[in-house]
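Sequence order for the protein chains is A and B.
In the working numbering, each residue carries its 1-based index in the first sequence increased by 7.
Just so you know, the working numbering puts 70 at position 82 of the second sequence, and the rest follows in order with no gaps.
I should point out that these hints are in silico values taken from the structure, not numbers from a laboratory.
Treat each hint with caution, since some may be false.
Claimed, not checked - With a straight-line cut-off of 20 angstroms between C-alpha atoms, the simulated SDA-like cross-links for lysine to any residue are: (1) B:K49 / A:D123; (2) A:K132 / A:E173; (3) A:K132 / B:A39; (4) B:K49 / A:E104; (5) A:K52 / B:R38; (6) A:K132 / B:K49.
These numbers come from a predicted model, not from an experiment.
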Amino acid sequence: MSGFVELGSGAAILCFGPRGVTPAPAHTLLAETRRVILVDAPGSKVLGLIDALGIARFDILAEGEGAAAALTLALARPDGVGAIVLAAPDPLGPELEGRLGEIAAPVLTLLRATDDADGKLPALKHGHLMYVYDAGDDMLRARPEALAFIVREFLERRELFIVTRESGVVLP
Amino acid sequence: MMRGTPNEYVTYNVNPSESRARFAEALTLIRRAWTETQPFGWLGRYYQYRAISIWPRPVQKPHPPIYMSGSSPEAGEFAAQNRIGIGFAFTTVPMAAKAATHYRAAAHAAGWEPTPEHVIYRAMFHVAPSDEEAFADLSRLPPRVALTDQNAAISEAVLDSGYYGADVATQARRNARRELAERIELGQIIVGAPETALRQVRRIRDELGAGVLDLVVGAQLGERTLRSIELFGTKVLPRMREL
């Protein structure tokens, strides 16, 4: 089967983005605890790929142009999607934007701190916005530890991520 | 907005070598908090928040004017690149003039020209009916005592951290201990009769191009301090407006 690359094991994260099946440092970090599947297949083939891999439940991490593929998949498989992270998403287009209200899964949108949310943030029912400082042109490469950390937090705890579980203890 | 002073990093046990990076991130975050109209999270290097939402919103749009301390070349360049004003405090007019020139050149390179209102100079002042009286008033004050001056290890450790940046030789002696006459000569403090004070103010404008003067009461001397404030307000300020 072509069009995908797998890293790690655990609950599945489907990843879409401009880099295709080449993992970014953040993907490699996520693969320490998760099954990371980088997908590079046309939209019509993605459902077939998921079924062939036997993945009934999955989370999504999408970058840039991959946001449209990610949300299209969420609309096609509402029962399969857990949570979605969009990293610096490209505009989705009017057709997809008109259907965003149907997406029940929580979505975290990560924007570069130099970008503005105005017009860039999908109108989602369960959407969260977060700015990534010093994100460069490619936040998964510029801030891999930070990205892997927040993606893991959001995918595992979903909307409860809003309250941190990081300990404040300085020296035990 | 200020990076702070070395003693603050010592007091709060924050590594001074990270002070500029912390400041840059904090400024970016504050600007975002002032302008973003929906709740947002922040994934920084030094700061992390899951939900920021401030109210009331700033009255000015997009936000109030921002100034930062700009004595070091690094600070001047950062202010210029971010199109914000600079302020000088605990320095001298010649040092501030050099830093202001650097800031303007960096702004020009970044494609904009600061106005006099982009430059603030902070000075302590004490005005009396005569120069002699003003000088005598301030001569009575005990010498300034600062945490970082009193402990050689603190002073050395802050220096060693790289806190002062590339121009360490100048930055570390901005606040060196000086005699009153020298402080007046360097424009660090405005002292004298109203006519003298006005001359010192004019010099700050002419040599530095500062359009905003931030005045600090130079001495807590009771009635004499009240008289100083009144003399400044009635004899110096009206004539400053004509400069």
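Which of the numbered hints are not met once you compare them with the structure shown? 2, 4, 5, 6
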